[in-house]
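Q: So you can see what is in the structure, the chains are spelled out below.
2 protein chains.
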Amino acid sequence: MRRKQEQVRQRIVEAAYESFWRSGFARTNVDGIAALAGLTKRTVYSYFRSKDDLLAAVLHHYVQLAATRLRHIQDRMPTDRDGLIDSFFGQLAGWVRATPRWSGSGLTRLVVELADLPGHPARAIAQGAKAATEVWLTERLRKARVARPAASARDVMLLTEGAMVLMLIHGDIAYIDAAADAAKRLVSQEVLVGDVSSGSKAD
Amino acid sequence: MRRKQEQVRQRIVEAAYESFWRSGFARTNVDGIAALAGLTKRTVYSYFRSKDDLLAAVLHHYVQLAATRLRHIQDRMPTDRDGLIDSFFGQLAGWVRATPRWSGSGLTRLVVELADLPGHPARAIAQGAKAATEVWLTERLRKARVARPAASARDVMLLTEGAMVLMLIHGDIAYIDAAADAAKRLVSQEVLVGDVSSGSKAD
Numbered sequence: 004m005r006r007k008q009e010q011v012r013q014r015i016v017e018a019a020y021e022s023f024w025r026s027g028f029a030r031t032n033v034d035g036i037a038a039l040a041g042l043t044k045r046t047v048y049s050y051f052r053s054k055d056d057l058l059a060a061v062l063h064h065y066v067q068l069a070a071t072r073l074r075h076i077q078d079r080m081p082t083d084r085d086g087l088i089d090s091f092f093g094q095l096a097g098w099v100r101a102t103p104r105w106s107g108s109g110l111t112r113l114v115v116e117l118a119d120l121p122g123h124p125a126r127a128i129a130q131g132a133k134a135a136t137e138v139w140l141t142e143r144l145r146k147a148r149v150a151r152p153a154a155s156a157r158d159v160m161l162l163t164e165g166a167m168v169l170m171l172i173h174g175d176i177a178y179i180d181a182a183a184d185a186a187k188r189l190v191s192q193e194v195l196v197g198d199v200s201s202g203s204k205a206d
Numbered sequence: 004m005r006r007k008q009e010q011v012r013q014r015i016v017e018a019a020y021e022s023f024w025r026s027g028f029a030r031t032n033v034d035g036i037a038a039l040a041g042l043t044k045r046t047v048y049s050y051f052r053s054k055d056d057l058l059a060a061v062l063h064h065y066v067q068l069a070a071t072r073l074r075h076i077q078d079r080m081p082t083d084r085d086g087l088i089d090s091f092f093g094q095l096a097g098w099v100r101a102t103p104r105w106s107g108s109g110l111t112r113l114v115v116e117l118a119d120l121p122g123h124p125a126r127a128i129a130q131g132a133k134a135a136t137e138v139w140l141t142e143r144l145r146k147a148r149v150a151r152p153a154a155s156a157r158d159v160m161l162l163t164e165g166a167m168v169l170m171l172i173h174g175d176i177a178y179i180d181a182a183a184d185a186a187k188r189l190v191s192q193e194v195l196v197g198d199v200s201s202g203s204k205a206d
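Residue numbers (our numbering), protein chains in the order written: chain A, 4 to 206; chain B, 4 to 206.
Among the clues, some could well be false.
[To be verified] A few chain B residues facing chain A, derived, Cβ under 7 Å: (1) Thr111; (2) Arg112; (3) Glu193; (4) Val194.
[Said to hold, decoys possible] Computed Cβ-Cβ distance ranges for the label pairs, DEER-style: (5) Asp180/A / Arg145/B: 18 to 28 Å; (6) Glu17/A / Gln94/B: 40 to 50 Å; (7) Arg74/B / Glu9/A: 50 to 60 Å; (8) Ala150/A / Arg100/B: 25 to 35 Å; (9) Asp78/B / Pro121/A: 28 to 38 Å; (10) Asp78/A / Asp85/B: 38 to 48 Å; (11) Pro81/B / Asp85/A: 33 to 43 Å; (12) Arg6/A / Lys187/B: 22 to 32 Å; (13) Tyr50/B / Thr43/A: 22 to 32 Å; (14) Gly41/B / Glu137/A: 41 to 51 Å; (15) Arg145/B / Ala38/A: 35 to 45 Å; (16) Ala150/A / His75/B: 36 to 46 Å; (17) Pro81/B / Asp34/A: 37 to 47 Å; (18) Ala150/A / Gly97/B: 23 to 33 Å.
[Stated by the list, open to error] No more than 25 Å apart at the CA atoms, straight line, and that leaves these computed lysine to aspartate or glutamate pairs for DMTMM-like: (19) Lys44/B / Asp55/B; (20) Lys187/B / Asp34/A; (21) Lys44/B / Asp85/B; (22) Lys44/A / Asp55/A; (23) Lys187/B / Glu193/A; (24) Lys187/A / Glu193/B; (25) Lys7/B / Asp34/B; (26) Lys7/B / Glu17/B; (27) Lys187/A / Asp85/B; (28) Lys187/A / Asp89/B; (29) Lys187/A / Asp184/B.
Honestly, the hints are just simulated from the structure, not real lab data. Ideal Cβ positions, reconstructed from N, Cα and C, are used throughout, including at glycine.
Kindly produce the complete structure, drawing on both the sequences and the hints.
A: See the structure below:
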């Protein structure tokens, strides 16, 4: 019985996630979530008291998805400098291509939608997830022997967020390729002094 | 009389602009716009038939503001490579610092909010304004004798959009400084062959 309840709860959270990601928080209503989950509105309200309670559960789901996506990216990622950047942006482009009507980073969209509410609890969760991605990139770049891994991770974050926004504005995947190219040029300037394994070696 | 009507219309458009920029399109209602403009809802509806009609007028206002802002930036901008990039990001940082509860680029926010509606007429207008900014940057960089001005303008756009989003997420202006620094490093790689006026000259 508890297992059945957990499954219904999960179905509601997934429908809410899909609806928030597609249409944003403000334009989503509980009727739409219930319809998407194939449940009555009454059932949805027996699990979540309000749209805000649903948002809290969806955020938890978002953060888990983001962490899973990073692990997945990391599993396929070469450890050399250019290889890891190509892989990172290549997997981003793959996600965009595989998703009909791709709508950008859900966490970024949530922050943008709540731009006038800096104290909203959802903002802190989204910020934490973005900070975690920057730390994760720093670690990858440190292992690839980049001299200033934190500064390079920030450059990659700037280019990634810019690429997602401009991809959404123009519908043109060329922005992701341009971001990957710029990231490689920036990070290649950060070669460790005395490192003979990168930069000058012909390959 | 016509002049008086024009003034009231302008007051409504400015209130709607402020409200859309602060709270997004979905969370803005005509009551709030009327209150902000100090007018009755009835008066607002005598000028604009719907929130969508108001959005169309606001977009026109946005695009004019964006063009005015670019002209203003250009007037204060040095024409040398690093100087123009410092000036561009410096003026962006100045705008952020001078605006209480700065909420990001209004046009970007609008596209993000309408992410699931690629055919919405507002999307095409926002896209046109962003494309115009990229063309404007290309011209500035061409005049600064950058070898591949269009590619460099795209790099600057990626870093600018990324900086605005990450500034909004983290509330940390350091992202704008990091973007300016990355832009200078990228553009400095694009020195014209045989150009003695930049790069190697001590100054």
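Q: Please go over all the hints and tell whether each is borne out by the structure.
A: Okay, the hints, checked on the actual structure:
no., hint, in the structure
1, Thr111, "6 Å, holds"
2, Arg112, "5 Å, holds"
3, Glu193, "10 Å, violated"
4, Val194, "13 Å, violated"
5, Asp180/A / Arg145/B: 18 to 28 Å, "22 Å, holds"
6, Glu17/A / Gln94/B: 40 to 50 Å, "44 Å, holds"
7, Arg74/B / Glu9/A: 50 to 60 Å, "59 Å, holds"
8, Ala150/A / Arg100/B: 25 to 35 Å, "31 Å, holds"
9, Asp78/B / Pro121/A: 28 to 38 Å, "32 Å, holds"
10, Asp78/A / Asp85/B: 38 to 48 Å, "41 Å, holds"
11, Pro81/B / Asp85/A: 33 to 43 Å, "34 Å, holds"
12, Arg6/A / Lys187/B: 22 to 32 Å, "58 Å, violated"
13, Tyr50/B / Thr43/A: 22 to 32 Å, "42 Å, violated"
14, Gly41/B / Glu137/A: 41 to 51 Å, "44 Å, holds"
15, Arg145/B / Ala38/A: 35 to 45 Å, "53 Å, violated"
16, Ala150/A / His75/B: 36 to 46 Å, "38 Å, holds"
17, Pro81/B / Asp34/A: 37 to 47 Å, "56 Å, violated"
18, Ala150/A / Gly97/B: 23 to 33 Å, "31 Å, holds"
19, Lys44/B / Asp55/B, "15 Å, holds"
20, Lys187/B / Asp34/A, "50 Å, violated"
21, Lys44/B / Asp85/B, "50 Å, violated"
22, Lys44/A / Asp55/A, "15 Å, holds"
23, Lys187/B / Glu193/A, "15 Å, holds"
24, Lys187/A / Glu193/B, "15 Å, holds"
25, Lys7/B / Asp34/B, "22 Å, holds"
26, Lys7/B / Glu17/B, "15 Å, holds"
27, Lys187/A / Asp85/B, "21 Å, holds"
28, Lys187/A / Asp89/B, "22 Å, holds"
29, Lys187/A / Asp184/B, "15 Å, holds"
Checked against the numbered hints above, the structure breaks hints 3, 4, 12, 13, 15, 17, 20 and 21 and satisfies the rest.
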